[in-house]
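Engineer: Could you build the full structure based on these sequences and the hints that come with them?
First to last, the sequence lines map onto chains A and B. Taking this note's numbering, the leading residue of the first sequence gets 1, the next gets one more, and so forth. Taking this note's numbering, the leading residue of the second sequence gets 1, the next gets one more, and so forth.
Quick caveat, the hints were computed from the structure, so don't treat them as lab data. These figures come from a predicted structure and were not determined experimentally. Treat the hints with care, as some may be off.
Calculated pairs, DSSO-like style, for lysine-lysine (alpha carbon to alpha carbon, straight line, at most 27 Å) [unchecked claim]:
{"#": "1", "chain 1": "A", "residue 1": "Lys64", "chain 2": "A", "residue 2": "Lys201"}
{"#": "2", "chain 1": "B", "residue 1": "Lys201", "chain 2": "A", "residue 2": "Lys201"}
{"#": "3", "chain 1": "B", "residue 1": "Lys201", "chain 2": "B", "residue 2": "Lys64"}
{"#": "4", "chain 1": "B", "residue 1": "Lys72", "chain 2": "B", "residue 2": "Lys201"}
{"#": "5", "chain 1": "B", "residue 1": "Lys201", "chain 2": "B", "residue 2": "Lys91"}
{"#": "6", "chain 1": "A", "residue 1": "Lys201", "chain 2": "A", "residue 2": "Lys91"}
{"#": "7", "chain 1": "A", "residue 1": "Lys72", "chain 2": "A", "residue 2": "Lys91"}
{"#": "8", "chain 1": "B", "residue 1": "Lys64", "chain 2": "A", "residue 2": "Lys72"}
{"#": "9", "chain 1": "B", "residue 1": "Lys64", "chain 2": "B", "residue 2": "Lys91"}
{"#": "10", "chain 1": "A", "residue 1": "Lys201", "chain 2": "A", "residue 2": "Lys72"}
{"#": "11", "chain 1": "B", "residue 1": "Lys64", "chain 2": "A", "residue 2": "Lys64"}
{"#": "12", "chain 1": "A", "residue 1": "Lys64", "chain 2": "B", "residue 2": "Lys91"}
Ranges between beta-carbon positions, derived for each pair [stated by the list, open to error]:
{"#": "13", "chain 1": "A", "residue 1": "His57", "chain 2": "B", "residue 2": "Arg50", "range": "23 to 29 Å"}
{"#": "14", "chain 1": "A", "residue 1": "Glu112", "chain 2": "B", "residue 2": "Ser100", "range": "52 to 58 Å"}
{"#": "15", "chain 1": "A", "residue 1": "Arg136", "chain 2": "B", "residue 2": "Arg50", "range": "29 to 35 Å"}
{"#": "16", "chain 1": "A", "residue 1": "Ala66", "chain 2": "B", "residue 2": "Trp169", "range": "52 to 58 Å"}
{"#": "17", "chain 1": "A", "residue 1": "Arg36", "chain 2": "B", "residue 2": "Arg50", "range": "27 to 33 Å"}
For each residue, glycine too, the CB sits at the ideal point set by N, CA and C.
There are 2 protein chains.
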Amino acid sequence: MRGLAQVVEVGPGDKKLTAEEAPVRAEEKPGGSSARPPLEALAALQCQLRAESARGHRVYLGVKLASAERRKPILERRRSIIQCIPGFWAKAIRNHPQISDIISEQDEDMLEYLVTLEVRELGGPKYRCRLMFFFRSNPYFLNEVIIKEYRLSLAGYRATRSTVVHWFWDYERGAPSRRLDTTSVNLFNWLSEHSLPGSGKIAELISEDLWPSPLRHYLRGTKAPVEGAQTGPVVAEEPVG
Amino acid sequence: MRGLAQVVEVGPGDKKLTAEEAPVRAEEKPGGSSARPPLEALAALQCQLRAESARGHRVYLGVKLASAERRKPILERRRSIIQCIPGFWAKAIRNHPQISDIISEQDEDMLEYLVTLEVRELGGPKYRCRLMFFFRSNPYFLNEVIIKEYRLSLAGYRATRSTVVHWFWDYERGAPSRRLDTTSVNLFNWLSEHSLPGSGKIAELISEDLWPSPLRHYLRGTKAPVEGAQTGPVVAEEPVG
Numbered sequence: 001m002r003g004l005a006q007v008v009e010v011g012p013g014d015k016k017l018t019a020e021e022a023p024v025r026a027e028e029k030p031g032g033s034s035a036r037p038p039l040e041a042l043a044a045l046q047c048q049l050r051a052e053s054a055r056g057h058r059v060y061l062g063v064k065l066a067s068a069e070r071r072k073p074i075l076e077r078r079r080s081i082i083q084c085i086p087g088f089w090a091k092a093i094r095n096h097p098q099i100s101d102i103i104s105e106q107d108e109d110m111l112e113y114l115v116t117l118e119v120r121e122l123g124g125p126k127y128r129c130r131l132m133f134f135f136r137s138n139p140y141f142l143n144e145v146i147i148k149e150y151r152l153s154l155a156g157y158r159a160t161r162s163t164v165v166h167w168f169w170d171y172e173r174g175a176p177s178r179r180l181d182t183t184s185v186n187l188f189n190w191l192s193e194h195s196l197p198g199s200g201k202i203a204e205l206i207s208e209d210l211w212p213s214p215l216r217h218y219l220r221g222t223k224a225p226v227e228g229a230q231t232g233p234v235v236a237e238e239p240v241g
Numbered sequence: 001m002r003g004l005a006q007v008v009e010v011g012p013g014d015k016k017l018t019a020e021e022a023p024v025r026a027e028e029k030p031g032g033s034s035a036r037p038p039l040e041a042l043a044a045l046q047c048q049l050r051a052e053s054a055r056g057h058r059v060y061l062g063v064k065l066a067s068a069e070r071r072k073p074i075l076e077r078r079r080s081i082i083q084c085i086p087g088f089w090a091k092a093i094r095n096h097p098q099i100s101d102i103i104s105e106q107d108e109d110m111l112e113y114l115v116t117l118e119v120r121e122l123g124g125p126k127y128r129c130r131l132m133f134f135f136r137s138n139p140y141f142l143n144e145v146i147i148k149e150y151r152l153s154l155a156g157y158r159a160t161r162s163t164v165v166h167w168f169w170d171y172e173r174g175a176p177s178r179r180l181d182t183t184s185v186n187l188f189n190w191l192s193e194h195s196l197p198g199s200g201k202i203a204e205l206i207s208e209d210l211w212p213s214p215l216r217h218y219l220r221g222t223k224a225p226v227e228g229a230q231t232g233p234v235v236a237e238e239p240v241g
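Structural biologist: Shown next, in the form of structure tokens:
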């Protein structure tokens, strides 16, 4: 029994791990060939590791930038075409299988005023993305654009900044303090509250699924001629900046 | 007031966003030059986008693999040296400013049996990492190795699999059902429970800080000769596989 590394397989797919796969056992002989005192040798190695990590990261950023540059003209053409299709993003959002679950009646109305949506991957050492929602005149808020930014760390997808929403009712009543009831999760609350529980998941659905493949969702449930080309098996894609 | 995109700056540093920076407004003329019906043109663009994303991802995986290959021999030498320093990882863990906050008395005892620690970045389209803790005979569990794997998605850092811990007391009492009280967050509970709240944060501290820079933590509070080389300003590093 000793040494058994039985593994709970929570996600599907990957093979199980066993103790035999463990790379190095401390019981093995050290094998270090350095004649220097261990801590000094370790300090030198840490410098090498840092330099190597920094180098790898520079290359990675270069690759990311080049890839974004290649996608840019395609995304610009996509944006132009989508502008010719009234209510495109609203319909794509409404049809999204997970996002539709949180759409309230008020959301349905608010989506009527959504003009366009943009998702952009931001530079920097950590993954950051910016979600931008452009609105026409609406009965809810003064803002023409609501921006939500997220940063991805190993501890989670954290909202780092978001637009302050200027509610009409705040100004009508002369006291910009009244807040919505944000106890339920819906698109309206997610959009207007900085740190709604489950905020990261909604941002993930928008930036990792809706944004890379809006046409698939727009066409969901319709019999448009191009449907076949867009409703095949979903291929997991990296976020498209 | 209309059009103002006032932004809550939660994270420090970055400049504020304004509506003027928004890239495209739906009120502008479409500008699309395609003569095809919009949905058909959109379908063609989505194919291009997917191909471009897939290409970018292949390049990224190549870069990641090459970088891991370059770090591999350095990490192997580091492992050899660390094996010559008894209790190295236990001390580094105990000295870590955030991890030390959750170390209980039982954790202190358990760390005496920790032989070595390994963190490995796994392949695949998404970032995944594997944390491996190797133990010598101890009064708590039969396992020689406890493995915890996490996957990073935009919704958070999720534990995807972890070793089933074979408790001595389960076998002593003949019923492998009794569980620890895991209502508090400590290293012991984190290690043995698959989905402890805050699990992702602890995994992040280990894989993004302790693993890339263990010597800095090992030396914390001591006056070792190499300390100066390791206790300078902390440079944020990418996870080292």
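Engineer: Among the hints numbered above, which are violated by the structure, and what are their numbers in rising order?
Structural biologist: 9, 12, 17
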